[in-house]
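Peer 1: Listed in order, the protein sequences are those of chains A and B.
Counting in the working numbering, the first sequence runs from 1 upward without gaps.
Counting in the working numbering, the second sequence runs from 1001 upward without gaps.
Heads up, a few of these hints could be off.
Said to hold, decoys possible - Going by beta-carbon spacing under 8 angstroms, a handful of chain A positions derived as facing chain B:
(1) Ala147
(2) Ser167
(3) Leu171
If you are wondering where the hints come from, they were derived from the structure by calculation, not from laboratory data.
Every residue, glycine too, gets a C-beta built ideally from N, C-alpha and C.
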Amino acid sequence: MTFVAASPTTTRPRASATQWVAARLGGLVVVLWAAATLTFFALRLIPGDPAEALLGGPGSQASEEALDTARREFGLDQPLLIQYLSQLGRYITLDFGTSYSLKQPVTSVIGEQIGGTLVLAALALALAWALALGVAVWSAQSGRVAAALGSALEVVAVALPHFWLASSLVLLFSTTLGWLPPLSGRSPAGLILPVVTLAIPLAGFLGQVMRESLLNAMSSPFVLSARTRGETSAGVIWRHALRHAALPAIGLSGWAFGNLVSGAVVVETIFARPGLGRTLLTAVQARDVPLVTGIVLVVALAYSVVTTLTDVLDRAADPRLRTEVQA
Amino acid sequence: MRRPSVVEAISGAVVVLLVVAAFAPTLLAPGNPLAIDPLASFQPPSWAHPLGTDESGRDLYTRIVHGAAPSLLIGVLATVLGVGLGVVLGVAGGLGPRWLDVTSTRLVEVLFAFPGLLLALLFIAIAGPGPVTSTVAVGLATAPGYARLVRSQALSVRRSGYVEAAVVLGRGWWSRLGRHILPNVGTTLFVLATLGVGQSIVWASSLSYLGLGVSPPAAEWGAMLNSGRTYIASFWWMTFFPGLAIVLSAASTTLLGRSLQSRARAQ
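Construct the complete structure from the given sequences, taking the supplied hints into account.
Peer 2: Following this line, the structure appears as structure tokens:
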């Protein structure tokens, strides 16, 4: 999705695949460096004592001793440039300091919590893909009323806030029907409701994109020629059109993954499921800045790597992207 | 002009209703949204209380109607802020000199590295929770998307015939920006902002729900859901109806934005 900044009127010579990947990786490093810089200066730019902000803001009434410890630990008594460089150095080794609310190194907190969130996000992404494909194919096959219905379903799905969807699902499946546990814990059955909650709005989003490109593909010459060869309409959809419909959705999957991790903040909190999202929320509520910064930067790192990967995949899957002629 | 479709009519009606609720809530619900009545707490929906009452006996219908103003205001303000920032970054990138374009594109890319609400949460962790920070946080989180769109739009407008004509006629940079480029970018932006308001409403109410935005007992939809959360198993109406209000307003503004988009394309 990201592109190299160039005046789009010029047609640049085709970059070789290695050059292109190298440029993308370079861009990735720049983005991560800038993200770390941004978080560093954001903390210093807000009015007030940064040591106090690190310990939970002016309301926390941290003792003078605690403030001194924080100043020493974060080198706040050093010149700004030294602070900045040493912090960057620690970030490179994935050292984000110590969490104030949990009294543990941030890196080990993240290590403990990240697995649950990744499982949740991956399952939700898979389910969202399945749902979106199902609705897109069904509404492309079944005429105008189905298309309108599919599109309305997608808009409503996108508009559903995670927290309300979660409460409504709990109400229906746990309180009323008693089929599924309202709290997630670590059991597999407890995973169903959180995954469904995350998947439905995302499916709406992916479905919108897929249906549009599926309809475009259905009216393209190669579909006509497949039909004249006598293929059934199901065959045309599954063998020819769907591949084109899936392309933009592959590109969006990196974005979707990031969105799922951010949605996990709400979903893990509601279902009391251990994970990075819930840890992030409690850290924000406690204004535990080292922990928040650590989690946000790790997610940004993972997210940037995933979007870069989807760009590579996109380019591999769609030869048209390899010619760098931008209109 | 095309005749409005059924979907457009319904979503338009919902938006009108929301605007009335936001500007003149007493027309729809004459009661006081904060008036407590301990004897009537946790009443299920009935004729006297169409949507039930909460833990202090406050009428939920009245609270939802009066909650339209703060809930929608936060969403709209956040969108305005996001669009404003997006225009500054996008215009700088699309129209400015090359170095400015590189800088702003990079900055947008950096902001894009924080998916969804993460940028908002980081901002709240540093600046502290509250209605103002949550609005700014949502605006910040949505800005990069608008910036990217404004940039590409500004680039394509800059190369169009009428802008070239303005250059030939010797119009200055500001006059080209104000007379030609902004009005042309503006239409697209307005449509996108209408599409984005729904998202902002959902995000802002999520923050209130998480206890980082507006706090109870204020009649804001996210805050109402937050206080109803404890009672979800026994008193479903306390969370169901405020959530429905959020879904309806987000869906209707999105549908309206889409039909504006398709109309703008058709012209």
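Peer 1: Could you run down the list of hints and mark each one as holding or not?
Peer 2: Comparing the hints with the structure gives:
1. Ala147: violated, 12 angstroms
2. Ser167: Holds: closest Cβ of chain B sits about 5 angstroms from A/Ser167, inside 8 angstroms.
3. Leu171: The hint holds - A/Leu171 has a Cβ within 8 angstroms of chain B, the shortest such distance being about 5 angstroms.
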